[in-house]
Amino acid sequence: MTKPAPVYVLGGAQTDFARNWSKEGKHFVAMMREATLAALEATKIEPREIETSHVGNFAAELYAKQGHVGAFFIEIDPAFSGLPTSRHEAACASGSIALIAASAEIEAGRYDLSCVVGVEQMKTVDSTTGGDYLGTAAWYEREAKGIEFPFPKLFGRLGDEYDKRYGLKDEYLAHISAVNYSNAKRNPNAQTRNWFMSESHAQRESKFNTVIGGRIKISDCSQVTDGSVAVFLASEKFASAWAKRNGLKLEEIPRILGWGHHTAPLEFATKVAESKDNAYVLPHTRQAILDAFKRAEISSPLELSGIETHDCFTTSEYMAIDHFGITKPGESWKAIEEGVIELGGKLPINPSGGLIGAGHPVGATGVRQMLDCHRQITHTAGEYQVEGAKKFAMLNIGGSGTTSCVFVVGN
Amino acid sequence: MADNNKVVIIGANGTMGAGAGCVFAGAGFSVTLLARSNDKCADALADVQNLARADAIAERISLGTYDRDLARAVGEAGLIFESLAEDLPLKKQFFELVDKYRRPDAIVATGSSGLSIGAMAAGRSESFRHHFLGIHLFNPPHVIVGTEVIPSPETDAEVVKNCVAILTKRLGRKVIVTKDRPAFVGNRVGFKVLNEVAQLATEHGVAFMDYLIGPHTGRAMAPLATVDLVGWDVHQAIVDNVFANTNDEARDCFKMPAYMHRALEQGCLGDKTPQRGGFYRRSGAEVFVLDPKTGNHVPMVKPAPIEFVEQMKQFHRVGRYSDALKVFADAKTADADLCRRVVLGYVSYALNRVGEVAATPADVDTIMSYGFNWAPPTAIVDLLGAKNTVAMLERLGLPVPPALGQAASSDAKLFVGGVLQYGRTFVG
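Residue numbers (the numbering used here), protein chains in the order written: chain E, 141 to 551; chain R, 1070 to 1497.
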């Protein structure tokens, strides 16, 4: 197979994930609009230059009683009227699927500049109703119907499976939570930047840190978040011209070096049964990582400067550590004990605060991770910058480890 | 600030004291909460835990009473934060003790929302005066990140710099440095608008004014509901202080209306007196509203929708803020004129404080946006267009601030925060 055409990441913008857009009396298109206009301003791109848009969104039908979300891109600016747009849904990996679709179009030479927007407005309903809506990311009828907060319970089972196979102490999960909250304090757009968290708080069950399901307490969970993120992906032709007019060299602009995308069976029990003889609890996630590494010509995770990973719950980040190959399978705790994952560690994970700290507007998360990879590679991440970052990876997961999307970004 | 991690809060059992305790302990400082009695200390700790939503924050907190622990706690602290009632003699009484026991390098800060910093420091030692400043947090401090730092002419520049750095870097605050003028910037500008709306309610009614100058005009909450939340006693203290100690172009806006005086005498303090209420009083699901003419609370009747208001809300709802402001500018009714008089009066008054109290328009924007959750004045100007804004101010007989005049002549943009920052303050 011939090598695909390169896809450049020109940058973008995100909304402040601490905002509550329902309280502001806003429709989700206001979020898309603010993120996109800010992205245009940040990148000095004119609206008329955009040729196509891909929108990542999970459940606007439920949260906002609105479908046809891709068409809302047209509402952002009169110059967009007539553009080809589409909406992509793969639960919490919706944003990444939008990125994959956009990058595939650029690789194919169909378009030179695509605007990828992730959006989710989740604070329209109470937490129990929201938990039920999120249950549709699992096999609803079998795994979520009538169950309060099904996803914490499903990811609690991921921890239980680790415990069964390799042993898992909850103190490591508490540490993951504390690191993410701590990193988020450096991120001006993070939802929890002013919240209190300490490792001891995360370790203990209390009236403020109740068990949501199984071994998952509030401190193990990402939060209900409203947010939107816009990122521009470009062909070499557009990126060259754009670099020139902004006084940059093409080599300075981050590229998608590699990607991986695998889908596992929807039901968690099926996944576990399928992987029972595999060293990796979620082998399809592992394969998505390996595919991305292969395309990026990376042989070790330590060639990366950092990772933005999916930590919808602490157990998913625990899983990501060994699945990225940072430790042997089942030994993620070693990387935690050695401080590898911390900002300033050998391979920082979620310097942005991740989903737990930065926030998790479901359909926007993958795009946010891509924007943070861009920020790291261009050394514009401010207080959460990983010094000298050259290559960053992201892992975005939809469902209980069902859709796994991985990108490696670098220049 | 001294090279240690210890903060003492004096007056920790008040709303702002507990909030400050939550903010400092949340940022990793060791905090001593001081109050008059053990019971009040326990209350303060419970408040901090509730604000932080974490029992574990207690690990960073110790408790003490003034009689038993003040000397030791103050002697160990790098920052002493006073959060007593807005009573100058009371504060000065405590500062005398603090002056006696503090380390020579410890910063002493008052959380006062508007009293003179210089007056508080008067009579204290030279070292105290060099290390003394105001840190004005807004309520609730763990949520509202806008913060004013107010040095007196005697405060060391290095102390101000350190303080701003700590507040910004460790506590994640949005900080401006202001001059020591009554009510500083946020409350000076904010309460001018709040009291002006209260004055206009005398003729137009409470519910109508809150609807007309509602969230669509760039604020998280309607003005008179805000006064109820703040408390009428606090409102009175702030506007009386400004009225007595300033003489600017809008001084009359700080005269508290007679009907508010009468209601206050009857114990109406707003939300903190739910039985008596304030502008509003709730009884179960029923809402009653104060009739300024009779002084009675009457059943709330929603004002009839006004076309330009409803159009603005719709534009805000979809994030089309400049279109909403165009509707605001173009509406041809008396109601629209009244609305413009208040909103553009805010812009004019706020930007006119540049130089007098605030250093730059960006400082005014920061504190109105992150302290009051109101649209930054310059964002309103940019959305309307500077030339258009000047023309409207002239038509309304309102002063044109120098910064705005310059922007209009050069066609420059004034707001420097970006679309994401002002979007949060326009409510649909």
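Think of the hints as simulated: they come from the structure by calculation, not from any bench.
Predicted model, so just to flag it, every value in this text is computed and none were measured.
Hints may be right or wrong, so weigh each one.
Result set (DSS-like, lysine-lysine): computed pairs, CA atoms no more than 27 Å apart in a straight line [what the hints assert, rightly or not]:
id: 1; chain 1: E; residue 1: LYS416; chain 2: E; residue 2: LYS468
id: 2; chain 1: R; residue 1: LYS1395; chain 2: E; residue 2: LYS163
id: 3; chain 1: E; residue 1: LYS184; chain 2: E; residue 2: LYS416
id: 4; chain 1: R; residue 1: LYS1382; chain 2: R; residue 2: LYS1456
id: 5; chain 1: E; residue 1: LYS486; chain 2: R; residue 2: LYS1238
id: 6; chain 1: E; residue 1: LYS263; chain 2: R; residue 2: LYS1243
id: 7; chain 1: E; residue 1: LYS163; chain 2: R; residue 2: LYS1382
id: 8; chain 1: E; residue 1: LYS205; chain 2: R; residue 2: LYS1382
id: 9; chain 1: E; residue 1: LYS163; chain 2: R; residue 2: LYS1341
id: 10; chain 1: R; residue 1: LYS1341; chain 2: E; residue 2: LYS184
id: 11; chain 1: E; residue 1: LYS184; chain 2: R; residue 2: LYS1482
Have a look at the derived ranges for each label pair, beta carbon to beta carbon [what the hints assert, rightly or not]:
id: 12; chain 1: R; residue 1: THR1429; chain 2: E; residue 2: GLU391; range: 56 to 62 Å
id: 13; chain 1: R; residue 1: ALA1481; chain 2: E; residue 2: GLU392; range: 43 to 49 Å
id: 14; chain 1: E; residue 1: LYS309; chain 2: R; residue 2: GLY1192; range: 55 to 61 Å
id: 15; chain 1: E; residue 1: LEU442; chain 2: R; residue 2: ASP1174; range: 25 to 31 Å
id: 16; chain 1: E; residue 1: GLU471; chain 2: R; residue 2: TYR1170; range: 49 to 55 Å
id: 17; chain 1: R; residue 1: THR1429; chain 2: E; residue 2: ARG385; range: 55 to 61 Å
id: 18; chain 1: E; residue 1: LYS530; chain 2: R; residue 2: ALA1481; range: 48 to 54 Å
id: 19; chain 1: R; residue 1: ALA1428; chain 2: E; residue 2: ARG385; range: 34 to 40 Å
id: 20; chain 1: E; residue 1: GLU392; chain 2: R; residue 2: TYR1170; range: 52 to 58 Å
id: 21; chain 1: R; residue 1: ALA1460; chain 2: E; residue 2: GLU186; range: 28 to 34 Å
id: 22; chain 1: E; residue 1: GLU186; chain 2: R; residue 2: LYS1243; range: 30 to 36 Å
id: 23; chain 1: R; residue 1: PRO1374; chain 2: E; residue 2: GLY485; range: 55 to 61 Å
id: 24; chain 1: E; residue 1: GLY485; chain 2: R; residue 2: SER1196; range: 39 to 45 Å
No residue lacks a Cβ here, since even glycine has one placed at the ideal position from N, Cα and C.
Can you name, in rising order, the numbers of the hints this structure does not satisfy?
Those not satisfied are hints 3, 10, 12, 13, 15, 17, 18.
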